[in-house]
Structures are given as C-alpha cells and as structure tokens.
Amino acid sequence: MKTYADPVKVEQELRKIQQDVSPNEARTNLFNLVVYVDQADESKLTDVLNFLHGKRPARVIVIHRGAGGETRTDVTARCVTDNNDKVLCVQEIVISSGDDGAGETPETWTPLLIREIPVFVWWLAAPEKAPLPEMFETIADRVFVDSSLTKD
Amino acid sequence: MAVSLSHFSGLVKAGGSPYIGVMFANPLMDGLQFAKEPSPFIITIFGATGDLTRKKLIPALFSLFIKGNISQFKVVGFARRPWTKEVFQEECRSMLAIGHFSHVSDTQKQAFLDKLDFVSSTFGDSAGYTKLAEVVKPWEGRLFFLSTPPDDYPVIVEQLGLAGLNKVEHGYSRVIVEKPFGRDLATAKELNEVLSAEFEENQIYRIDHYLGKETVQNILVLRFGNGILEPIWNSRYIDHIQITVAESIGVGTRGNYYEKSGTLRDMVQNHIFQVMNLLLMEPPNDLSPDTVRSEKVKVLRSLRPITYKNIDQYTVRGQYAAGVTQGQPVRGYLEEDGVAKDSLTETFVALQIYVDNWRWEGVPIFIRTGKGLGRKVSEVVVTFKEPPLQIFKNQATDGSQNQLILHLQPEEGFTFHLNAKIPGYTTQVRPVNMKCDYEDAFGEATPEAYERLILDALVGDSTLYTRRDEIEASWTFITRILQGWAQDKRPLPQYRAGSSGPEESKALLASIGQKWRKL
Chain A
1 MKTYADPVKV EQELRKIQQD VSPNEARTNL FNLVVYVDQA DESKLTDVLN
51 FLHGKRPARV IVIHRGAGGE TRTDVTARCV TDNNDKVLCV QEIVISSGDD
101 GAGETPETWT PLLIREIPVF VWWLAAPEKA PLPEMFETIA DRVFVDSSLT
151 KD
Chain B
1 MAVSLSHFSG LVKAGGSPYI GVMFANPLMD GLQFAKEPSP FIITIFGATG
51 DLTRKKLIPA LFSLFIKGNI SQFKVVGFAR RPWTKEVFQE ECRSMLAIGH
101 FSHVSDTQKQ AFLDKLDFVS STFGDSAGYT KLAEVVKPWE GRLFFLSTPP
151 DDYPVIVEQL GLAGLNKVEH GYSRVIVEKP FGRDLATAKE LNEVLSAEFE
201 ENQIYRIDHY LGKETVQNIL VLRFGNGILE PIWNSRYIDH IQITVAESIG
251 VGTRGNYYEK SGTLRDMVQN HIFQVMNLLL MEPPNDLSPD TVRSEKVKVL
301 RSLRPITYKN IDQYTVRGQY AAGVTQGQPV RGYLEEDGVA KDSLTETFVA
351 LQIYVDNWRW EGVPIFIRTG KGLGRKVSEV VVTFKEPPLQ IFKNQATDGS
401 QNQLILHLQP EEGFTFHLNA KIPGYTTQVR PVNMKCDYED AFGEATPEAY
451 ERLILDALVG DSTLYTRRDE IEASWTFITR ILQGWAQDKR PLPQYRAGSS
501 GPEESKALLA SIGQKWRKL
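So the sequences go chain by chain: A and B.
Sequential numbering from 1 applies to the first sequence in this note's numbering.
Sequential numbering from 1 applies to the second sequence in this note's numbering.
FYI, nobody ran anything at the bench for these hints, they're computed from the structure.
One or more hints might be untrue.
[Unchecked claim] Here are the simulated distance ranges between beta carbons:
#1 Val8(A) with Pro388(B): 44 to 50 Å
#2 Asp51(B) with Val8(A): 17 to 23 Å
#3 Gln19(A) with Asn310(B): 36 to 42 Å
#4 Met434(B) with Phe120(A): 49 to 55 Å
#5 Gly66(A) with Thr253(B): 32 to 38 Å
#6 Val429(B) with Lys2(A): 41 to 47 Å
This structure is a prediction, so every number in the text was calculated from the model and none was measured.
C-beta atoms are modelled at their ideal positions from N, C-alpha and C, and glycine is treated no differently.
Produce the complete structure using the sequences and hints provided.
In structure tokens:
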C-alpha cells in the first residue's frame, strides 16, 4: 500500500538520528513549525532553519509543493550540545509532495505534529494557492503568510 | 560497593485479603505492587478460535502466569472448529510468539501450553457441555468467558444451566460477558433476563475493557487520593469537560458488523460512559464493588435526556470520506466492503451532555469519538474557569484557561496547563505544561486491561465490571438518542479521513465560546 509519511516510522527514525548524534538528554521541543514552500523559495527556508539551529529545539515540517513524481518523506535532525550538556535539535521532516499533491493535504502531516506545544504554519509559497485560513482553524495556533510573495 | 538490585519480598496480608509477594526487577516498586492470588481455577473460553482470544485473552493469561499471579489453573477452549487439544496448543503457541513475549523461555511457554485443553462443539449441542462438565469437574473455581457474537449468549447460558455448570457446591461459578451488551434498552434487558435465569447477579461479570486500563482507574485515585482536586471538582470552578476517544483507522473488514452498530453503540454507551462516570461520580464511602457502582449509576440517572426535540442541538453525527490516515490513503466509509451505499450509520459522534445534579449543574460535558480521525488518542480535558479578574493585560485570551488533561492512550499520564511569565523585561504570560508520564514515574509499562479484569473476576472483585442497573441506565439515555436519529433520514455529514471530524461538530463547542482540543 502507498505510504506518504508513516508517523511511527518517522518518530523511530528521528529518535535514532538524535541518539546517533548524541546520547545525552535532549531538550524538549518548544514548537512545531510547518512550512509550505515552493522550490523557488527554498533559500528563504534554509535561512530560517540556519537561524533556528542551536537556538530553539523545534520540529520543522517542510512541505515542498510540486516536487513531482511520488510523494515521499525524508527526516533529519540538526543537533548541538549546549552548555549544560543537553542536546538541542531542530528535527526536520521534509515531505516532497508528488504529482498527486498528497503531501500538501493537512491529513498527511498533522499526525507528525508534537502535541501540547504550539503549531505555527508558515506559508512560504505563492499565497494565491494558499488554502483558506479556516483550514488551519483546528490545526495551527498562528498562520504566517509572506506578503512579499504576492503577485500584486 | 556491590548493590543488589532485586530482592524477594515476603508474604503480606493486608485488610484480610490474601496477597502474594512478587520478585521485582525494579526495587523502586517494592511495597507498591502486590497481586491478589486466586485459588485454583479453570477458565473456559467460548469462541476460543476468535480474534479476542488470540489478541487479548491468551496473552493476558500467559502474562499473569509468567508474572506469578496465577499458577494452578487450566484453560479450556470451546468452539465449533474441529480442533484437538494439540491444535489449540499450537495455535496458542503462535499467539505467544509476539515481540512482547520474545524474552520468555520456551520452557515457560510450554508449561503454560500444557495447561490448555479444547472442546470442539457447537454452542447448542448438549453433548459438548457434557464433555466440558467432565473437564471442569475437578475444579472448584470455574470461570466461563463468553467471547462469541452476542447472538450466541442465550444458548450458551442455557446450556451451562442445563449441564449444571452454573453452580458448584464448594467454590464458585462465574460468567464473563463481552460487549456489545444489547443494542438498545430492550435488548439489554432481554439479555439480562437470559443471564439471570441461570446465574445470580453476583456471578455475572459484564466486561468493559476500558475499566481495566490503568489510566482509567487512576481517575479515581487522582480525584479521591489527592486533597487538591476534589474541592475544585465542581461547577463553581470547572468550565467544561471534553472526552475524546479518536481512532485513526477506518472500519476495515468490519463493515458488516459496524453497519449494525455505529459509533454511539460501539464506543459511547460503554467505554466513554465508564470514563464519564468516574469523572463525575460522588466520592464513594469505600471501594467495595457495590458502593462504587452505585455512585456510577447515580451519574447515569442524572443525565439530562436528549430526545428527538433537541437532538440537532446536542448531537452531531458524521461519516468519514476518502482521505489520508497515518500516512496512507484510505477510502470513505460508504465505499467500504459490507457498507450500504446509502448507509446512515455514524462513524463519528459528538455529544453535548448535561448532568442535572448539585455538583455539575450547568457544566457541559462534550464527548467526541470516531473512526478515520487524524490521530489515535483517548483523553479527557477538564477546563477550569478564568480567574475572577484578569490583571495581566498581555495574557493571551485563547487557550489561557487552566486545563487538566488525562491521557488515557496511547500516552499514559496527565498534564496540567498553567500560565507562566515569559522570561524578559515585560510581564507577558503564556501557558506551560506540567506533565507526568506513567512510565517515567513508575519505571514500568502498565499491564494490559484484560490481565487486571480476569484477575479480578477470579478473586470475585466486580468493582471494575458493570452492574445490571448501570447497563440499563446507560441504555436508557442512549436509546432516546437512537430513536431521535431514526426519525432523521438525511445523509450524514462527511469528514475527510485523517481530519478532526465534521465541521458541524465545532458548533457544539462554539455554543459556549470554546473549541475542541486539537487532535
């Protein structure tokens, strides 16, 4: 059966990566950040991830729209050890949404969110194609739309 | 310095009940974990070739065996299939091959399998019961577990009576009945009559596996074992309560069964009402079975009826449409095998309930349960009222009310949402979490629900089983809703599989200016 992003496998993989990086106790993630990005705007995303690195432990879910082919999921974690010997990681889950667009539907990525902490959705793609804010009513605490990406 | 990490604790007697000591791998558990010891017994499982036996009953009995909670016993499978004792033993061997028991030695597994026997018979054939009576004869402790479709209950109970297996001169004869216990008030009453024709009420154990869950039992401890909560556990301080039991999977191959059941019958009447009763009941005088169960019945009898007149105001139904759950595409309920294309069976239900008693007057209780939802999660959210005066002007208005969240599954524990100052030069406030995880707190995984429930039935403790009047009180409330829905022939609202349910369900919480907790 087709699988886009199996939450159990994703969690297992992230745990393994963090343990490989450092066996020390990891700091609790502070928030979820979901970023919708078009291929062309990837440099902005990289800037943000670089900014977060080493500062705030977080789970970042990146949804690449229009990646083509089959929808697939990759996971990684960027970690550093802080002054108290605790590991501080930015967990990255990258969903490349294929021709079927399955990666873009919230049902694909919401099971990957960590509960009990805030969810921020950052629409770093052309807002003309953005779903209505109501779509995020039951998912996100905040939705950010980058107005510089509008056509007008 | 060498430190011994385990030791054996001696025999202890407390409160007149017999207990056995257990070898602990975890010394921190010393003094905390004692199990009731049943006298020698024989358990007969009707429907022993079914899924429940494979997934729950045999693993639970084996788990009790390897933990030392049961030692002198026999397990008899009773089913139509032409199996022999040896076939049954081999089937059970495969049931024990799961990862959970991979560390257990073959010797221990064989010692358990040697205690298994099998009677091949239809449920209506008296010859089968004659054979069973021979097997059961030497044992004074007799437990009969009905793990069959409910249509088979009457004939099994009748045959047990005819074979004289419902009584034993010295010892006991008890029957455990699985859900569904009826499909409305009338059928539940009928079933109670069938059972009571052959068994006394104190011999009947109506099982609801939710009550066997540690996290559900902990509701009582949390409420009545702490001085801090009970004074604020009432309408003066509590704004509303949400009970969510969400499943991510659809009905799968059970379309036929589900068509006759639906979510209200399958989840609310039993599991969710048990959780609700424990949350809302008055403090019992003691923990004896009848005291606790009497308090639970009072809650059910205080529920404000929902009838056809207000059914649209207080209930929402839905069916999942095609979508994605747990990373996989799934089809909609109406496309599932065994489901009618114009089915009105609900796969989602949300209720707004009021309890008309002194403690809970005016506090809405919201229930949400369904299949094909975004996440598998069972939890209770108790939301407290705002402070009388909001002096922190920068406090976020959304989500700032204190909440106590009881995680029932898959997480087990509880979380307090409290407000705290954000570090910095200004006084800004946001919610933070105080969390207790069972496994972290006690260092051990919690036992499976069926282990506790079977053990309780063996020692005659029916506290965690449902009494006749409790079943009938819950069906009284549920049947009114079913009757109200029966008059409404409109197609049900659809929700995408993997979402948090139909949009219509939001209106229930919106009526008090609140939202469902995110799945």
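Verification of the hints:
1. For Val8(A) and Pro388(B), the Cβ-Cβ distance of about 45 Å falls inside the hinted range of 44 to 50 Å, so the restraint holds.
2. Here the CB-CB span from Asp51(B) to Val8(A) is close to 22 Å, well matched to the stated 17 to 23 Å.
3. Gln19(A) and Asn310(B) have their C-beta atoms about 54 Å apart, which leaves the hinted 36 to 42 Å range violated.
4. Hint check: Met434(B) to Phe120(A), Cβ distance near 23 Å, so the stated range 49 to 55 Å is violated.
5. Between Gly66(A) and Thr253(B) the beta carbons are some 36 Å apart, a value that agrees with the proposed interval 32 to 38 Å.
6. Distance hint check: the CB atoms of Val429(B) and Lys2(A) are about 45 Å apart, consistent with the given range 41 to 47 Å.
Going through the hint list in order, the structure does not satisfy hints 3, 4.
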